[in-house]
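Participant: Given next are the chains, with one letter for each unit.
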Amino acid sequence: MKNITYTVSDENGIHARPAGIIVKTAKNFSSAVSIEMKTEGGESRIADAKKLFAVMGLGAKKGTVLTVTAVGEDENEAALQMEDAMKNAGL
Amino acid sequence: METIYGKPAAGGIAKGRLRVIKHNRKSIPDGTSPEALSAEEELARFSKAMDEADAELCSLKERASETVGEAEAEIFEIHRLMMQDEDFTDRVTDGILSKCMSAEEAVLRSGEELAKVFIGMDTEYMRARAADIRSVAGRLSDILDGGDKLSYELTEPSVIASDDLTPAETICLDKTKVLGIVTELGSDNSHTAILARSMGIPAVVGVRELLPSLDGMECILDGTEGVLYVNPNERAEGHFREQSELLRMKERKAETMRGVRLVRGDGQPLMICANAAELADVDSAVLHDAEGVGLFRSEFLFMQYGRAPTEDEQFEAYRGAAERMKGRECVIRTLDAGADKQIPYLNSAEERNPALGMRAIRICLKNPELLYTQLRALYRAAFYGKVSAMVPMVVLPAEMEQVRALAEKAKHSLVDEGIPIGEMKLGMMIETPAAAVCAEIFAEMADFFSIGTNDLIQYTLAADRENREVAYLAEPLPECVRRMIQMTCRGAQRSGIPVSVCGELGGDERHLGFLLDCGVTKLSVSAPNVLKTRLAAEDYLKQNKNIE
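Chains as they are written, first to last, in this note's numbering: chain P, 221 to 311; chain Y, 151 to 698.
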């Protein structure tokens with residue numbers, strides 16, 4: 221299991237384009253990849269990073285702290301790539 | 151009254167009902183849909199529809215990024231991801247397998263369920279995404295319903311307004327009922343504009359978003375000024391009456407040109423011909439007294455079956471065209487696919503710059519069987535009428551040499567097989583600086599030149615003709631383009647071959663004099679413009695006794 225945390229800096233939160241990039245990246249790996257976050261109201265949400273609607277459905281906004289968890293053979297690589305992808309997407 | 155401004159794309163004025171038809175959601179069938187086929191069959195239909203939708207979205211994305219911008223093009227990529235997402239596909243599959251739904255119903259219901267996810271979110275942006283998944287579901291549903299994407303009923307002649315019309319959709323329009331076209335996307339040189347001109351109806355492109363609430367309202371479309379008046383007031387009505395009368399007068403005057411044949415100052419005939427994209431256009435050309443078809447685009451044959459057409463299929467079409475011409479020349483352009491005319495089965499690599507990539511003659515020389523088959527079909531058709539062939543996008547003499555060699559081979563193979571063929575001239579399009587600058591060299595390898603001004607202008611200026619941001623560079627016609635045309639004509643003269651113009655410039659009265667002075671002996675315009683072009687040319691010739 222490998223975790224990384226990431227704070228959303230994009231004004232628009234996880235909008236369609238970065239969501240698409242997240243999903244495309246996560247799908248490259250055999251590991252299960254999930255994204256967890258807490259809403260402003262304290263509610264916990266978790267989404268399968270390989271599913272577009274789930275990722276967008278998180279409704280993560282600017283300032284939200286995301287915890288990306290990868291579990292599997294390539295979990296290290298996956299976690300790293302996810303972080304890179306989110307940075308490059310300007311998220 | 152609402153006044154909507156855009157870019158004039160095809161001149162004329164029309165009044166009628168406005169129909170706003172966009173690529174949108176359809177209403178969910180209420181369960182009493184026609185019996186679903188077996189689950190396996192519905193799954194297969196769904197899978198096939200996804201493939202088709204994917205191809206459409208790719209094509210839309212490409213067009214959008216060329217005409218409007220990356221940001222707008224991005225939305226189609228999002229649509230693709232949504233469509234491929236397991237949450238969507240799983241729901242559809244489940245609907246089909248466990249709930250005995252037809253593919254259409256499963257698709258629309260799944261789209262609606264997912265749309266609800268977005269609607270419940272707390273940002274405007276996210277709520278707007280509901281429209282995206284509905285659009286995806288709608289697109290799939292339309293494909294499943296069989297063919298015409300824009301499934302709509304035109305009960306009366308109407309002005310069609312849409313976000314965009316793909317080449318396939320423009321082909322599917324019921325031409326007898328369309329009075330005019332308005333689109334949000336597109337430039338005045340997009341296929342929408344070219345289609346409208348060939349239909350002789352007004353068109354306006356690049357308008358701001360058209361609201362569905364405008365659907366069904368009376369409107370006046372002024373394609374010359376680039377304005378759409380919805381619920382026109384008295385002044386607009388007056389404007390319409392005035393302009394219509396003016397147009398009618400022009401038409402009456404142009405009618406006097408029917409049967410008239412022009413001669414240049416140097417004694418050479420000046421032929422006014424028409425461009426065609428399908429067989430119906432050939433009929434239109436004859437109807438409008440065109441002296442020939444100066445450009446017959448063959449792409450429709452390659453787009454209609456979802457696979458390459460056989461030699462016989464091509465032969466039937468070319469022969470049909472030749473026979474309809476009744477002795478007049480029909481110049482058929484060999485396959486010009488790629489760039490904005492994507493043909494799915496021909497394209498392998500994702501190109502970052504399709505306009506500057508593997509297209510037209512390059513595809514044909516990479517897959518010579520393709521061109522060989524087309525040439526054979528053309529030679530066979532030449533037996534039944536006056537058929538000439540021309541090759542697009544040639545930039546190097548070596549390419550033309552290869553084409554000539556292939557043509558010889560095709561010709562001899564037919565002779566050997568005892569299949570009747572006819573004489574066929576083989577010409578070349580001048581569409582790039584590469585061709586214009588070396589026109590002298592090319593003139594020794596081609597039987598004639600045909601200047602494709604749309605492309606020549608954009609490649610000379612390095613400015614995309616479908617990009618409204620840089621369209622200003624081409625207007626007024628810059629000196630560099632004039633020199634390209636002059637070079638082309640001089641090169642042609644040296645070898646004594648004729649030059650024609652088949653791009654939109656040929657129909658532009660402002661440049662008629664210039665072209666004639668250069669030595670152009672044939673202008674090929676959209677059929678409805680043949681007579682008025684002949685009128686303008688006659689005027690010029692009379693005034694200038696145009697001498698070489």
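Be careful, since some hints might not be right.
Said to hold, decoys possible - Here are the simulated DMTMM-like cross-link-like pairs (lysine to aspartate or glutamate), alpha carbons at most 25 angstroms apart as the crow flies: (1) Lys327/Y with Glu262/Y; (2) Lys271/P with Glu297/P; (3) Lys271/P with Glu262/Y; (4) Lys271/P with Glu263/Y.
Said to hold, decoys possible - Going by beta-carbon spacing under 8 angstroms, a handful of chain P positions derived as facing chain Y: (5) Tyr226; (6) Val228; (7) His235; (8) Ala236; (9) Arg237; (10) Gly277; (11) Gly279; (12) Lys282; (13) Gly283; (14) Val285; (15) Gly292; (16) Asn296; (17) Leu300.
What the hints assert, rightly or not - Beyond 12 angstroms from chain P on every Cβ pair, some chain Y residues (computed): (18) Gly161; (19) Ser188; (20) His229; (21) Gln234; (22) Glu263; (23) Val267; (24) Tyr275; (25) Ala278; (26) Arg398; (27) Pro628; (28) Arg660.
Simulated from the structure, these hints should not be mistaken for lab results. C-beta: ideal position from N, C-alpha, C; glycine also.
Participant: Could you run down the list of hints and mark each one as holding or not?
Facilitator: Verification of the supplied hints:
1. For the suggested pair lysine 327/Y and glutamate 262/Y, the alpha carbons sit about 33 angstroms apart, so the restraint of at most 25 angstroms is broken.
2. With a C-alpha separation of about 19 angstroms, the suggested pair lysine 271/P and glutamate 297/P falls inside the 25 angstroms cut-off, and the hint holds.
3. Restraint check for lysine 271/P and glutamate 262/Y: the C-alpha separation of about 17 angstroms stays at or below 25 angstroms, so the hint holds.
4. Using a Cα cut-off of 25 angstroms, the hinted pair lysine 271/P and glutamate 263/Y holds, with the two alpha carbons roughly 15 angstroms apart.
5. Evaluation of the tyrosine 226/P hint against chain Y yields a violated restraint, the C-beta minimum of about 19 angstroms exceeding 8 angstroms.
6. Of the supplied interface hints, the one on valine 228/P is violated, with its beta-carbon coming no nearer than about 13 angstroms to a beta-carbon of chain Y, more than 8 angstroms.
7. For the restraint placing histidine 235/P at the interface with chain Y, the shortest Cβ-Cβ distance is roughly 6 angstroms, inside the 8 angstroms limit, so the hint holds.
8. With a cut of 8 angstroms, the hint placing alanine 236/P at the interface with chain Y holds, because the nearest CB-to-CB distance is about 4 angstroms.
9. The beta carbon of arginine 237/P is positioned within 8 angstroms of a beta carbon in chain Y (closest approach about 6 angstroms), and the interface hint is therefore held.
10. The closest approach between the C-beta of glycine 277/P and any C-beta of chain Y is roughly 5 angstroms, which is under the 8 angstroms cut-off, so the hint is satisfied.
11. Because the closest C-beta pair between glycine 279/P and chain Y is about 5 angstroms apart, less than 8 angstroms, the hint holds.
12. With 8 angstroms as the threshold, the beta carbon of lysine 282/P stays out of range of chain Y, its nearest partner Cβ sitting at about 11 angstroms, so the hint is violated.
13. The beta carbon of glycine 283/P is not positioned within 8 angstroms of any beta carbon in chain Y (closest approach about 13 angstroms), and the interface hint is therefore violated.
14. A cut of 8 angstroms between beta carbons decides the hint on valine 285/P: the least distance to chain Y is about 18 angstroms, and the hint is violated.
15. For glycine 292/P, the shortest C-beta to C-beta distance to chain Y is roughly 18 angstroms, which exceeds 8 angstroms, and the interface hint is violated.
16. Here the hint on asparagine 296/P is broken, as its CB sits about 25 angstroms from the closest CB of chain Y, past 8 angstroms.
17. Because the smallest distance between the Cβ of leucine 300/P and any Cβ of chain Y comes to about 23 angstroms, over 8 angstroms, the interface hint for this residue is violated.
18. Against the 12 angstroms criterion, glycine 161/Y stays outside the reach of chain P, whose nearest CB is about 39 angstroms from its own CB.
19. With a closest Cβ-Cβ approach of about 29 angstroms to chain P, serine 188/Y is found to remain outside the 12 angstroms limit, as its non-interface label requires.
20. Taking the minimum C-beta to C-beta distance to chain P, about 9 angstroms, the non-interface status of histidine 229/Y is violated against the 12 angstroms cut.
21. The beta carbon of glutamine 234/Y is not kept farther than 12 angstroms from every beta carbon of chain P, the shortest such distance being approximately 8 angstroms.
22. Some Cβ of chain P comes within 12 angstroms of the Cβ of glutamate 263/Y; the nearest lies about 10 angstroms off, and the non-interface call is violated.
23. The Cβ of valine 267/Y does not lie farther than 12 angstroms from every Cβ of chain P; its closest approach is about 5 angstroms, which violates its non-interface assignment.
24. Taking the minimum C-beta to C-beta distance to chain P, about 6 angstroms, the non-interface status of tyrosine 275/Y is violated against the 12 angstroms cut.
25. Non-interface status of alanine 278/Y relative to chain P is broken: a Cβ of that chain comes within 12 angstroms, the nearest being about 10 angstroms off.
26. Under the 12 angstroms C-beta cut-off, the non-interface status given to arginine 398/Y relative to chain P holds; the minimum distance is some 50 angstroms.
27. Remark: the non-interface label on proline 628/Y is consistent with the geometry, its nearest Cβ contact in chain P lying 38 angstroms away (cut-off 12 angstroms).
28. Distance check on arginine 660/Y: its Cβ is at least 44 angstroms (rounded) from any Cβ of chain P, clearing the 12 angstroms threshold; non-interface status holds.
Consistency with the previously given hints fails for numbers 1, 5, 6, 12, 13, 14, 15, 16, 17, 20, 21, 22, 23, 24, 25, ordered from lowest to highest.
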